[in-house]
Amino acid sequence: TVAALQRALHVPLVEAARAVSLACFYLALPAVWLLLAEFGLDRARRWLVLAFVPAVPVYVFYTRAVLIESMALMFAAWFLAAYVTGLRRSHGGWLAAATALGVLAILVKVTTVFLFLVPIGGFLLHAAWRAKQAAPEARAAAWRRVAWAALALAPVAAAGLAWVAFGDSVKAHNPAP
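Count the sequence shown with my numbering and you get residues 1046 to 1222, in order.
Hints were generated in silico from the structure; no laboratory data involved.
You may find that some hints are simply not true.
[Said to hold, decoys possible] What follows is a set of in silico ranges between Cβ atoms, one per label pair, in the way DEER data are often shown:
#1 Leu1160 - Ala1082: 20 to 26 Å
#2 Ala1089 - Ala1217: 51 to 57 Å
#3 Pro1200 - Leu1067: 45 to 51 Å
#4 Leu1050 - Pro1102: 25 to 31 Å
#5 Ala1145 - Leu1054: 23 to 29 Å
#6 Arg1090 - Pro1181: 36 to 42 Å
#7 Val1163 - Ala1064: 30 to 36 Å
#8 Leu1067 - Trp1174: 26 to 32 Å
#9 His1218 - Tyr1071: 36 to 42 Å
#10 Val1059 - Trp1174: 45 to 51 Å
We put the CB at the ideal spot given by N, CA and C, even for glycine.
Given the sequences, and given the hints that come with them, work out the whole structure.
If you want it as structure tokens, here you go:
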């Protein structure tokens, strides 16, 4: 992304990298907005939370640095937002988007996605608990939703395993211990 931007705009590499980092960081904020809405926060409180996010020193540092963290954060935040929205609304389109975004997030930086899998696991367990507690006539539909939500994670996990295996094979060729 950085190289393409640098070539297209004929700007120094560092400027292109910082522009991509900033763009990715700011593109993560709508995902946070969506998550806050899914958690039931009203519009005023969502704006209040979003006002503080860009002021967090670690975000300011990583967003100005020439690193992949901002892009990983963006894809992972959208992965979490799409997954939670799809699970809560029982919407296959959101779960499909979550799968694609999760794969992109894994391919950018595997370790960042692991942090986002913790709340996803919590949401999945909560949905399973609710399916178990559902009335008998609604139980089958509730378990289908849980199955689809779990299935949406399978390509993400497969991409993560494949990416780690590929990285390990590349590292194995390094002569340094």
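Hint check:
1. Between Leu1160 and Ala1082 the CB atoms are about 21 Å apart, so this pair conforms to the stated range of 20 to 26 Å.
2. Between Ala1089 and Ala1217 the CB atoms are about 54 Å apart, so this pair conforms to the stated range of 51 to 57 Å.
3. Separated by about 29 Å at the C-beta atoms, Pro1200 and Leu1067 break the suggested range of 45 to 51 Å.
4. Distance hint check: the CB atoms of Leu1050 and Pro1102 are about 26 Å apart, consistent with the given range 25 to 31 Å.
5. The hinted window of 23 to 29 Å between Ala1145 and Leu1054 holds, with their beta carbons roughly 27 Å apart.
6. The supplied range of 36 to 42 Å is met by Arg1090 and Pro1181, whose beta-carbon atoms lie about 38 Å from each other.
7. For the hinted restraint 30 to 36 Å between Val1163 and Ala1064, the CB-CB distance of approximately 31 Å keeps it satisfied.
8. At about 40 Å, the CB distance of Leu1067 to Trp1174 disagrees with the hint of 26 to 32 Å.
9. A beta carbon spacing of about 38 Å between His1218 and Tyr1071 agrees with the range 36 to 42 Å that was offered as a hint.
10. Taking 45 to 51 Å as the suggested C-beta distance range, the pair Val1059 and Trp1174 conforms, at roughly 49 Å.
Violated hints, listed in ascending order, are 3 and 8; each of the other numbered hints is respected by the structure.
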